[in-house]
Amino acid sequence: MRCEDALIQISAAVDRELDPARAVKLHDHLETCPTCRAADEQMRVLSSTLRTSLTQYELPAGMAARMRATALATPTLVTSTTPRWVPRASKFAALAASWLLAAYVGMWVALPHMSSDDQLVAAHSRSLQANHLIDVASSDRHTVKPWFADKLSFSPPVVEVDGYQLIGGRLDVLDGKPAAAIVYKRRLHTINLFAAAATPGTTKLSTSVRNGLSLVHWRADGMQMTLVSDINQNELVDLAHALGAR
Amino acid sequence: MRDLDRSRRFDAAVMPHLERGYALARWLVRDPSEAEDVVQDACIRALKYIDGWTGDTNRSWFLAIVRNAAYDTLAKRGVRAEVPLDDTDLGCVEGTPETSLLAASDRTLLNRLVEELPPLFREVIVLREVEELSYRDIATVLDVPVGTVMSRLARARGRLLVAWQAATKTERA
Ligand SMILES: [Zn+2]
Chain A
0 MRCEDALIQI SAAVDRELDP ARAVKLHDHL ETCPTCRAAD EQMRVLSSTL RTSLTQYELP
60 AGMAARMRAT ALATPTLVTS TTPRWVPRAS KFAALAASWL LAAYVGMWVA LPHMSSDDQL
120 VAAHSRSLQA NHLIDVASSD RHTVKPWFAD KLSFSPPVVE VDGYQLIGGR LDVLDGKPAA
180 AIVYKRRLHT INLFAAAATP GTTKLSTSVR NGLSLVHWRA DGMQMTLVSD INQNELVDLA
240 HALGAR
Chain B
0 MRDLDRSRRF DAAVMPHLER GYALARWLVR DPSEAEDVVQ DACIRALKYI DGWTGDTNRS
60 WFLAIVRNAA YDTLAKRGVR AEVPLDDTDL GCVEGTPETS LLAASDRTLL NRLVEELPPL
120 FREVIVLREV EELSYRDIAT VLDVPVGTVM SRLARARGRL LVAWQAATKT ERA
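Protein chains in written order, with numbering that gives the first Met the number 0: chain A, 0 to 245; chain B, 0 to 172.
Each hint should be verified, as a subset may be incorrect.
Unchecked claim - Not everything, but these chain A residues come out facing chain B in the computed CB check (under 7 angstroms):
1. L6
2. I7
3. A11
4. M42
5. R50
6. Y56
7. M66
8. L71
9. L132
10. V135
11. N210
12. S213
13. H240
14. A244
To be clear, the hints were calculated from the coordinates, so they are not data collected in a lab.
Backbone N, C-alpha and C fix where the C-beta goes; we use that ideal spot for every residue, glycine too.
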C-alpha cells in the first residue's frame, strides 16, 4: 500500500466509513509504517477537536417565520413549469389564495426590525437572485396590467417609458401585504417598481440609498410607490417623473 | 385547498432543516445576512421542487438546495467552486498536536483555518464534523460519488493539519 492511498483510508477509518477488507489492509500497513501511524493519530485528534471547536450556528430570532412567510408568499411561476396536473383554471385561484395566506401570515410574522427601505431592498435583491424576477413576461402594458387586475385590489400603474424597457410584472410581498412589482431594464440594470395599497393622498418624491441601491418613493392614487435599482439616482428620478411622480 | 397543502408540505419538508441549512450557508458564504438570503432563496427553490419531487425530502435534500443557492452567491462574488489541483494536501506532516494544549485560542484558530479552506474542502469538513452526515449523505448533498467524498475529506484534513501545525509553531516560536 502506498502511503498516499493510506492517508485517504486513514481519514475514512476515522469516520468508520472504510469497508472491512480495506480496513484489514490499512491495519497491516500501519503496523509497518510509523509515518502513517503518526498521520492516523493526527487525523483522529483533528477530527475530535473540530467536532468540539467548530461554531454551531443557530437560527437568528424570527428568521424561521420570515423564511416561511416569504417563501409561501412567493407565487410559483405562471409558466409551463407549473406541474401539468394542476388544472389551468385553478392556477389564478391558487395565486389569489396564496395572497390571502400571505396577508394572514403577515399578521403574525414579526418584521419590526426591518425598516421599510430594508424590506424593499430585500425584495429587489430576492427578485434578482432566484428565478422569479417576473411572473408575467411582456413588454406590452396591455398584457401586464390586466394580469395584475385579477390578483390585486388596487390597480398598479403599468406604463411604457422611453429609454426604460418594460419586461414584465410580478407579485411580491411587502410588510406581509401583497404588492405589485413592475420590472424595467435599463442597459444591464434591473429596476423594480413596487406598488402597494396605501392611504389616499399624494406625496412628493423623496430619495434614499440603502446597501448601494437607490430608492425613489412617492404616493399617488392610494398607492405607495417605490423604485429600487442600482442605476444612478438621477436616472431613477427621471423614471419616477415619467411615471407621474412630482 | 392547494395552498394549504403547499404550506403543509413546506412545513414538513423544509422547516425541520432550516437551522441546518442556515448553518451550512453561514459556513459557505461567511456572512450572516447573505446566509439568510441564501436560505430564503433555498426555501423558495425548495417550494418549487416539492411538487415535482418524488424522492425523500430529508435533510440532505434541503442541504443540497442550500448549497446550490450558496454557490450561486459565491459565483456572484467571483469565487469559483474548484478543487485545488495540487496533491500536496496529502503530504505527511510531522509531530502530533498535543490535545492537552488545545485551548480557546485553538478553537478560534481552527474556525479560521476551516473558513480559509476553498469552499469545496470547507463544505466536506462542515458536513462531516458539524452535521455528522454519513459519506453517502454527503455524496447526496454534493451530487458526487462516495469515493470523491472520501478523497476530498482526506485532502481537506491534510490541508488543515499542515495549516494547524504551521500556525501552532509560529505561535509558540
Ligand atoms: Zn505509510
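Outcome of the hint check:
no.	hint	verdict
1	L6	5 angstroms, holds
2	I7	4 angstroms, holds
3	A11	5 angstroms, holds
4	M42	6 angstroms, holds
5	R50	5 angstroms, holds
6	Y56	4 angstroms, holds
7	M66	5 angstroms, holds
8	L71	5 angstroms, holds
9	L132	12 angstroms, violated
10	V135	17 angstroms, violated
11	N210	9 angstroms, violated
12	S213	20 angstroms, violated
13	H240	32 angstroms, violated
14	A244	29 angstroms, violated
Of the hints listed earlier, those the structure fails to meet are numbers 9, 10, 11, 12, 13, 14, in rising order.
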